[in-house]
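Respectively, the protein sequence lines represent chains A and B.
For the first sequence, this note's numbering gives the first residue as 25, with consecutive numbering after it.
For the second sequence, this note's numbering gives the first residue as 58, with consecutive numbering after it.
Sample of chain B residues with no beta-carbon within 12 angstroms of chain A, all distances over it, derived:
hint: 1; residue: P382
hint: 2; residue: D465
hint: 3; residue: I485
hint: 4; residue: R826
Quick look at which bits of chain B chain A covers, simulated, 3 or more residues with Cβ under 8 angstroms:
hint: 5; segment: 155-167
hint: 6; segment: 757-767
Have a look at the derived ranges for each label pair, beta carbon to beta carbon:
hint: 7; chain 1: A; residue 1: R288; chain 2: B; residue 2: W681; range: 55 to 63 angstroms
hint: 8; chain 1: A; residue 1: I134; chain 2: B; residue 2: L813; range: 54 to 62 angstroms
hint: 9; chain 1: A; residue 1: I136; chain 2: B; residue 2: D528; range: 43 to 51 angstroms
Calculated from the structure, these hints are not laboratory results.
Don't be surprised by glycine CBs; every beta carbon is placed ideally from N, CA and C.
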Amino acid sequence: MTWRAALLAGLFAFLMPVSAGAVERTATVSAEDWERYMAGFLDQGGRIIDDANGNVSHSEGQGYGLLLAVLAEKPADFALIWSFTRRELLLRDDGLAAWKWSPSETPHVIDINNATDGDILIAYALALAGERWKRDDYLQAAARIAKAILDHAVLDYGGRTLLLPGVSGFGAADRPDGPVVNPSYWIFEAFPALDRVAPSPRWKKLAEDGLQLLGALQSGPRKLPADWVSLRAAPKPAQGFPPEFGYNALRIPLYLVRAGVEDRDLLTRLRLGIAGSDDVLVLSDVSTGAVQSTLTDPGYRFVNHILACVLDRVPIPESVRAFSPTRYYPSTLHLLGLSYVREKRPECL
Amino acid sequence: MIRILALLIALSGAASAFAQSAPFDMSGERPADAPVPRATTPAPEGDRTPAAETAGAPVDFKRYIIPFEALSLTGEFDERAWSIYLTPAQAQTAASLNFSYQNAIVVAPEASTLSVFVNGELAGEGPIQAAEAAEPRSYELKPGLLRAGSNDIRFRVRQRHRTDCTVESTYELWTEIVRDSAFIRFASGDGAVFSSLDDVRAVGLDERGRTQFNLVVPGLQQPSRTAALMLLAQGLALRGKMPAQEFALSETMPVTGRPGQVTAIVGTAEEVAPLLDRLPDGASDGPVALFARDKTKAPVLVISGPDWSAVQTAIEAITQPMDRPRNVPRDVIATGRWLLPETPLVFTNTRLRFSDLGVETSEFTGRRFRTRFTVAVPSDFYADAYGEATLLLDAAYTDAVRPGSRIDIYVNGSIASTIPLNSHAGDILRHLPINVTMRHFKPGANLVEIEAVLLAEPDKVCAPGTPASADPRFALFDTSELHIPDFARVGRRPNLAATAGAAAPYRNDMSVIPLFLDRTDEDTLSAAATFLARLAIAGDRPISVEVITSPLSAGSRNALFVGAMPQLPKTVLTQVGIDAGSQMSWGSAQDAASGANTQQAIDEWRMRLSGGAWQKQLMAFQEWVKQEFDISLSSLRILPAEQSDFVPPAEASLILAQGTNPTGDAAWTLLTAPTAKRLREDVAAIADITRWQQLAGRISTYEPATGSIDVVPVAGFDFVQTQPPSLTNYRLILANWLSSNIMVYALLLIVLSVLLGLATSAMLGRLGRRQ
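So here's chain A without its partners, still in its complex pose (with noise of 0.2 angstroms):
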């Protein structure tokens, strides 16, 4: 626990002089992949279209979107992306965003519940963006995002700072196994940014008690945290939805490098429990340990590469340095993934 607090700890100090110095810097997105990706995933008024999906968008679509634009370093597309999202999905009287939004309906908001993840992602966007480029605009609708998440998506429960998947139907009351998280939703390396632009000691304290869940989820024979995960009694995956690590929680790996979390037991307990031969990446049932499916897209392999990376200084396979647009999701971590080696783990490449 304390040594998990002193790791936070350190993380926060690590990240905060270096995204607030916004000094010159090179994009770590390369714009050639940029391009590849919005020719791929973002359509002309801005919105990132998740096409594995019926071609609809949402709010975490929109807020990878605009990350992936601070990390290529193109305030333009920012601004694009930025007005459809704010057009479009920032439609809430609490001031977060509409989760889902469908080109073939009229609304074309489909649900207006907000979904939390999404908004951390584009509160965080706004925010580097906002020191990056110097725009105070930016960085206003962060802080307004990020309180918001703070007053409506974060409980504090059981002594532990929590985040809300979505503002209704999570809570300790709204559902007999209630409160229900996503452990995929605690996208560690916002946190910092968003106390910067809405200063609170609960960002911390929800950094360290998420991180201090992921050391606790270990279902089944994988010791896997599942996708959706019950906190009213001991940890469990939660009632009414499929108990697998799933789509949702492939992308733990991801945020905790991005974060900097070097703790090499966890990262070592998620590679062993996702890697499949050749570098595939293995959904699996979390109670029985079941392989559900293997997912070959490079853009899911590059969460075991950049694990094996970490871990083990293993280089990034060849193949996949060069980034080819295959889905929105996958897609999306492989630049992700990419962007981050670039910049972290240069000796991987």
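Given the coordinates of chain A, assemble chain B onto it according to the supplied hints.
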């Protein structure tokens, strides 16, 4: 001590020539993750006798004890009690109770205690202090504490919050016993060996809290044997009575010696001989049912005889003692293996004292007091629309309790009543009547929870030490009573809640139940056996079946149909209200991908086109009426809604459906899945008491991905007379029916008013002086 141990080990070694292997986990080595008992000294490696070493005989063995998916004790005070059955040999063996537990970070260790009771005596207790990682505990059970037969186990917690005094904070308190860490360790492996048929009751649990019976039948696929095998399954199930039992029928031997399993070999002497170490004496001469050794020397139950009719006799001898007259009502239903005390079954006007329901007098110092008991109603219970039970509460509260405090009563998790505690000066309540609606009662066991929410003066300030204060502020006395009035009794068809709760209508059927199986393969037979065994426990008596090959042979008898969907006769699907068009497509991934389902498409289009303004307002109005007055459009109908055929959703993989037979005089129940293998796995899943209790309506579906049960409610039903005709009962039935059909009630009222008016005017016309 050492000498005694050595003697014990020598004894077990000597016995090992006979008892070389047995059910339950009997590895001599303790698994690395098991807690180390404090007082039980394991045999040192070097101390083992050579005989024990070579034969691998057990030095000790363990029995898992937790019959739940998870044992969470929550709030400021909570307890769970259940019983486990021990064989005489087990009861005589020195034993220790071991478990690991973990608790919420906010539980204050200095003010919180976890206690374990065995047969009413405190086996051990300690502070709750495992917030960081699970902590093992081990309690030596003193000699003589355990007894042959049922033994009560009780886990109880008293928990207080570290810092917070609010009622809300009490919801954050939990202690969870790690399921596969909780077991009784017996010092000698002898107890693991079953010797008599009665020992089957001690089958116990595996580390997941499940129980499995393996039936090895060399002539499994002969349809003539199925009926007897189904009877055998029920005979064994009624001995085990565990909360999650499944049957595995096969022609080959499974791996024996696992915890929570009993293996039985069934067949003629000639058939079973090759599977056994030595054929039991007498198997070639007459029916036998006893424990013997298989090829690996593990004990197996052998049910045999010179020919199949002798085997049938042996099976009947096993099942017969479990039978009870169908016309004599039960006074309790057996829930003891997962919930004590056994649940009383109420048929008529009854008063039950809390002390008999297992609720003790308790004084309480915290903020949220909870206690619970169960009470069962019969399968023909029909008072959900108007019936009211009464709690006659004996309780007291001090002047520290502020107005705004209240007592809530929940039935099966739904709020049924609430009363405020409004006195400023405290009060003693003597038989305070609280009306509890019977709306949430269903056939079988019903959970009634009483929760007192106590706001108190000291909690407002919440000075240090307040959460753990020892001043009682509330007391509940066991002289309180539950009064259930006479209620209407009539069966309904279809009604899966009655089938799940009390095996109705099959339990009381005078005739042999026709059982349709599409094939007699291992999977289908295992599924049918698991299902029938669960029904037998619900009805507490075995149900005789006869295998039929065509639905027509069922005639006007209540029948069961078990099989994979594609092989089922169309008439069965039609009768239970399942869309016959989806017979082939359900469960095949291809169809799910194309999503080509007409009904679904029409529904979607309807949704899309229902965007008209007035329609939206109408919907909003309906919602409002439902919310405010609990009146839905369907309750305003005079005739029941036309039921459309049910299209199985792609996510569901098991359907339990009930309907009437074509002649309209009996119930047909169908259990089906896309494949026989799925059927077997999913029946095992729903046979778990937590899911079994959720079965209701006319169709229940099970979704394996999420483990959830979905219920399609009954829209139109037939009454089935279950009681001798009586005016009182008819009046009660009518009252309930009119309460759920308010439109008819209103019409009747109008008709009666008109009649009264006509009668009055006619009478007035005759009376008086004519001008």
